[in-house]
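Assemble chain B with the ligands onto chain A, guided by the hints.
Line by line, the protein sequences give chains A and B.
What the first sequence shows, in the numbering used here, is residues 704 to 818, in sequence order.
What the second sequence shows, in the numbering used here, is residues 704 to 818, in sequence order.
Do not rely on the hints blindly, as some may be mistaken.
Note that the list lumps identical chains together, so a pair holds whenever it fits in one copy or between two copies.
[Stated by the list, open to error] No more than 30 Å apart at the CA atoms, straight line, and that leaves these computed lysine-lysine pairs for DSSO-like:
#1 805 to 743
#2 775 to 729
#3 785 to 726
#4 785 to 775
#5 785 to 758
#6 726 to 743
Honestly, the hints are just simulated from the structure, not real lab data.
Protein chains: 2
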Amino acid sequence: MSENLYDVAYKLEKALRESDDFKSLKRLYDEVNADEQASKMFENFRNIQLNLQQKQMSGEEITEEEINHAQKSVQLVQQHEKISQLMAAEQRLSMVVAELNKIIMKPLEEMYGSL
Amino acid sequence: MSENLYDVAYKLEKALRESDDFKSLKRLYDEVNADEQASKMFENFRNIQLNLQQKQMSGEEITEEEINHAQKSVQLVQQHEKISQLMAAEQRLSMVVAELNKIIMKPLEEMYGSL
Ligand SMILES: [Ca+2]
Ligand SMILES: [Ca+2]
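Isolated chain A (complex conformation) (with noise of 0.2 Å):
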């Protein structure tokens, strides 16, 4: 008999809230939405990248002056120490997920594999 799914699902997303990878993602998020500058900074930087997204899958043009933008945003976050490591820890805690996501839907990808 296995424990309910639910009760499962609950210690995973305890694990996950106390893992070290999250954790350490909290606190860069929470020092630079705690500073002005740099929460502005970040703020800006993913308005432009979203921008850019739907641009790209809508089909629209971007223009070369949109790239330069988008361009010098990039090296702008990219000199910030805390927002250059929230981002890092952004893409670590995505790592964790994917592993995890891939771990927890194997019995749906062997089943579906075997068609």
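The following block gives chain B with the ligands in isolation, referenced to the frame of chain A:
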């Protein structure tokens, strides 16, 4: 101190594999696949759906003939007891998986929600 993240993920994988929802889905999936006629009908239905989705996403025009063809394939699988049971089981499991994801991703949702 919380349990290791990956150990808990493997427990969740086990709990999903042993859940009634997954076991029902697997049983129906195997039954449909063991029945050559049902298996072909279902595969044909899937291919038609996938083809329409791809056309929709790429903005390609969908002809009236294609719509009629798709509707007929939907009616065929709906009238097939095993296939319609399989599709209902897939629907149920995808709701379970969505709930699990919602639980596990809560720490991230809380963090980014506070932006
Ligand atoms: Ca802010
Ligand atoms: Ca088959």
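Against the structure, the hints come out as follows:
1. 805 to 743: The answer is between: 29 Å across copies meets 30 Å, while 35 Å in one copy does not.
2. 775 to 729: within (26 Å within a copy, 52 Å between copies)
3. 785 to 726: Within one copy only: 15 Å inside a chain, 47 Å across chains, cut-off 30 Å.
4. 785 to 775: within (17 Å within a copy, 58 Å between copies)
5. 785 to 758: Answer is within: at 29 Å inside a copy they meet the 30 Å cutoff, but 44 Å across does not.
6. 726 to 743: within (23 Å within a copy, 50 Å between copies)
Every hint, counting from the list given before, is met by this structure.
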